[in-house]
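Engineer: Here's the letter readout for the chains.
There are 2 protein chains.
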Amino acid sequence: MSNLDQIAKLSGFSKATVSRVLNHSPHVSQTTRDTIMKIMEELDYVPNGNAISLSKGQTEQIGMVTEGINEVMLPFLNSFVETASQYGYQTIIYTSGGDPAKELQAFEDMRRKRVDALVISTCVNDLELLSSYGKYGPIVSWQRMERPEIQSVAMNQYEGYMLGLEHVIKQGYRRIANAFGRPTSMNTSGRMQAYQDIVRKYNLPVQPDWSPTGIYSIRQGEQLVRELLLNPGEHPNVILCANDLVAAGVLNEARRMGVKVPEELAVVGFDNTELAHTLGITSIYNPIAAQAQNAFQLILGRLKGTEAAQQQLEFQLVKRATT
Amino acid sequence: MSNLDQIAKLSGFSKATVSRVLNHSPHVSQTTRDTIMKIMEELDYVPNGNAISLSKGQTEQIGMVTEGINEVMLPFLNSFVETASQYGYQTIIYTSGGDPAKELQAFEDMRRKRVDALVISTCVNDLELLSSYGKYGPIVSWQRMERPEIQSVAMNQYEGYMLGLEHVIKQGYRRIANAFGRPTSMNTSGRMQAYQDIVRKYNLPVQPDWSPTGIYSIRQGEQLVRELLLNPGEHPNVILCANDLVAAGVLNEARRMGVKVPEELAVVGFDNTELAHTLGITSIYNPIAAQAQNAFQLILGRLKGTEAAQQQLEFQLVKRATT
Numbered sequence: 001m002s003n004l005d006q007i008a009k010l011s012g013f014s015k016a017t018v019s020r021v022l023n024h025s026p027h028v029s030q031t032t033r034d035t036i037m038k039i040m041e042e043l044d045y046v047p048n049g050n051a052i053s054l055s056k057g058q059t060e061q062i063g064m065v066t067e068g069i070n071e072v073m074l075p076f077l078n079s080f081v082e083t084a085s086q087y088g089y090q091t092i093i094y095t096s097g098g099d100p101a102k103e104l105q106a107f108e109d110m111r112r113k114r115v116d117a118l119v120i121s122t123c124v125n126d127l128e129l130l131s132s133y134g135k136y137g138p139i140v141s142w143q144r145m146e147r148p149e150i151q152s153v154a155m156n157q158y159e160g161y162m163l164g165l166e167h168v169i170k171q172g173y174r175r176i177a178n179a180f181g182r183p184t185s186m187n188t189s190g191r192m193q194a195y196q197d198i199v200r201k202y203n204l205p206v207q208p209d210w211s212p213t214g215i216y217s218i219r220q221g222e223q224l225v226r227e228l229l230l231n232p233g234e235h236p237n238v239i240l241c242a243n244d245l246v247a248a249g250v251l252n253e254a255r256r257m258g259v260k261v262p263e264e265l266a267v268v269g270f271d272n273t274e275l276a277h278t279l280g281i282t283s284i285y286n287p288i289a290a291q292a293q294n295a296f297q298l299i300l301g302r303l304k305g306t307e308a309a310q311q312q313l314e315f316q317l318v319k320r321a322t323t
Numbered sequence: 001m002s003n004l005d006q007i008a009k010l011s012g013f014s015k016a017t018v019s020r021v022l023n024h025s026p027h028v029s030q031t032t033r034d035t036i037m038k039i040m041e042e043l044d045y046v047p048n049g050n051a052i053s054l055s056k057g058q059t060e061q062i063g064m065v066t067e068g069i070n071e072v073m074l075p076f077l078n079s080f081v082e083t084a085s086q087y088g089y090q091t092i093i094y095t096s097g098g099d100p101a102k103e104l105q106a107f108e109d110m111r112r113k114r115v116d117a118l119v120i121s122t123c124v125n126d127l128e129l130l131s132s133y134g135k136y137g138p139i140v141s142w143q144r145m146e147r148p149e150i151q152s153v154a155m156n157q158y159e160g161y162m163l164g165l166e167h168v169i170k171q172g173y174r175r176i177a178n179a180f181g182r183p184t185s186m187n188t189s190g191r192m193q194a195y196q197d198i199v200r201k202y203n204l205p206v207q208p209d210w211s212p213t214g215i216y217s218i219r220q221g222e223q224l225v226r227e228l229l230l231n232p233g234e235h236p237n238v239i240l241c242a243n244d245l246v247a248a249g250v251l252n253e254a255r256r257m258g259v260k261v262p263e264e265l266a267v268v269g270f271d272n273t274e275l276a277h278t279l280g281i282t283s284i285y286n287p288i289a290a291q292a293q294n295a296f297q298l299i300l301g302r303l304k305g306t307e308a309a310q311q312q313l314e315f316q317l318v319k320r321a322t323t
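Residue numbers (UniProt numbering), protein chains in the order written: chain A, 1 to 323; chain B, 1 to 323.
Check before you lean on any hint, since a few could be wrong.
[As the list claims (entries may be wrong)] Every beta carbon over 12 Å from chain B, so not counted as near; a handful from chain A, in silico:
#	residue
1	Phe80
2	Ile92
3	Lys102
4	Tyr158
5	Pro208
6	Arg219
7	Asn231
8	Gln297
9	Gln311
[Stated by the list, open to error] Derived DSS-like pairs (lysine-lysine); straight-line CA-CA distance at most 27 Å:
#	chain 1	residue 1	chain 2	residue 2
10	A	Lys15	B	Lys113
11	B	Lys9	A	Lys135
12	A	Lys38	B	Lys9
Please keep in mind that the hints were generated in silico from the structure rather than gathered at the bench.
Backbone N, C-alpha and C fix where the C-beta goes; we use that ideal spot for every residue, glycine too.
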């Protein structure tokens, strides 16, 4: 016997009436509604979640897609959660741990109307596959993606990185090392391009070990500065870092090695976090929180069919004691 | 016309046969199944998500409940996500932004079998209400909660904080200030109790402004050290901090003020993060990642009806240059 049958039998009403109560139809008296609701409660009857959401048309939940969560993405995540919340939307974060099948759950959930829209922080699936879900709802990405179905709020990292590069050149540094982040990301490509352009422009010295990728953490920053400064051969006199965590590791380890900062080694972070502030590290202000606000506005515009209120965003150099 | 009707009509099969395909019944030939699946795809028919999950009995998704995400909870979150992933479970994080109604969505989702279990990082709803969802699936909490329906992996913060207190006493410090965290949490109560006990045991001086609560960030640590050291009257000579971020702020601001650390002011962090390591801050190792593993094992044990493989966990003092 189905739940509906059972509720109908116990309440003494027809299945059609029970169904009307479930569907919030106005054509049911309050007494009838109360009786049926009471029996549903006694039976611990769980109305189908999708049915409820579909009747309202929206779930008011937005899925965020990410492999994992680290310090660098926290400002994006928190700003998105807060902005969405101001508009009555809840953010649900789908972690994939890098597993394409788990990541796809979020997209399947949008297809099944469990979430209204998706914002991608990082993703691992083939972009063509992910793009195909664009017909089920808005998809916005924090990363740069050249897919028409996925709008992006990414900023041109070339420009931000160039600010740091031109700054250290102006301060007289020429032996530039780079601690780059994720080797496959378009953000890293943009930064690499800026470095190549500045090398050409100023005819700077280049060493093969001066531009490693995959450097994200304090410990990796510490290790990098040991490798760079203990190597035989020429040493860099400035390190531009993928983020402020790496810069903190570089700065502290360099000091422990007795290296004078910024006289012998300059350090530049990225993102201009509280850590860069408290440690006095020169950094590039990256309007991450504002990007998240833009991402939400793009989604909201699509969901409501209105114009998205986008902010114009710019990187800024914040000079401190390490350059 | 319902989707089922439409698929039946277009495929030439009965509704019963279409239904059998949807329910993965073995009593359908492969040819029939293929024909019907093809039509479902053409119609872009979305099978009901709950129905699919219910047929397997589990969604293999676990919900994490939290107000928001900060650096301090990242090790818990990431360790949980990773452990769950090793066992084939996906973690979905429900952010509430402190809104009880949004938080309740996660619990409603467990009731509707959209997630198999819940792990609470922080929560804002009345615990009696949340406990009532215990009948729908396992609920485990990172925080201490004295509810039989919610298992907890919390450690006794009294013991961890006492390690720090006894250490600074042994180093000769007596004027102890505390930067406490969330005033309403049982974790903070445990730490406050340890402080009160040590004050009594060693007959230590106490000032009303030496134990503020709600101190979580680098900036708040910087501000606190200015307030404490610029006040007229007696100054503390050691600050125990709610976490390593606060300790980093205290340490750097004290140095900027020309205060000698640890001679004039000692600093103790909490959690023993990479930040404490790179800045040389004495800290209390807090086995947060292992707590998350325990939380997952408790859930898995409940879901599979097996014994949970719990680890025995202990705090440890890690002495560095700030004490």
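Engineer: Classify the label on A:Lys102 as holds or violated, using whether its beta-carbon is more than 12 Å from each beta-carbon of chain B.
Structural biologist: Violated, since 5 Å does not exceed 12 Å.
Engineer: Taking C-beta pairs only, is A:Gln297 more than 12 Å away from all of chain B?
Structural biologist: holds, 18 Å
Engineer: Beyond 12 Å from chain B, beta-carbon-wise, is A:Phe80?
Structural biologist: violated, 9 Å
Engineer: Beyond 12 Å from every Cβ of chain B: is that where the Cβ of A:Ile92 lies?
Structural biologist: violated, 6 Å
Engineer: Does B:Lys9 lie within 27 Å of A:Lys38 when you go C-alpha to C-alpha?
Structural biologist: Violated, at about 38 Å.
Engineer: Regarding the pair A:Lys15 and B:Lys113, is the alpha-carbon distance no greater than 27 Å?
Structural biologist: This hinted pair holds, its Cα atoms lying about 24 Å apart.
Engineer: Using Cβ atoms and 12 Å as the threshold, tell me whether A:Tyr158 really stays out of contact range of chain B.
Structural biologist: holds, 29 Å
Engineer: May I ask you to check that A:Asn231 keeps its beta-carbon over 12 Å from the closest beta-carbon of chain B?
Structural biologist: At roughly 21 Å from the nearest Cβ of chain B, A:Asn231 sits farther out than 12 Å, so the non-interface label holds.
Engineer: Non-interface claim for A:Gln311: all C-beta distances to chain B beyond 12 Å?
Structural biologist: Answer for A:Gln311: holds, closest chain B Cβ roughly 21 Å.
Engineer: For A:Pro208, is the shortest beta carbon distance to chain B beyond 12 Å?
Structural biologist: holds, 27 Å
Engineer: Please verify that the nearest CB of chain B lies beyond 12 Å from A:Arg219's CB.
Structural biologist: A:Arg219 not clear of chain B: closest Cβ-Cβ about 6 Å, inside 12 Å.
Engineer: Given the hinted pair B:Lys9 and A:Lys135, is their Cα-Cα distance within 27 Å?
Structural biologist: holds, 26 Å
Of the numbered hints stated above, those contradicted by the structure are hints 1, 2, 3, 6 and 12, listed in ascending order.
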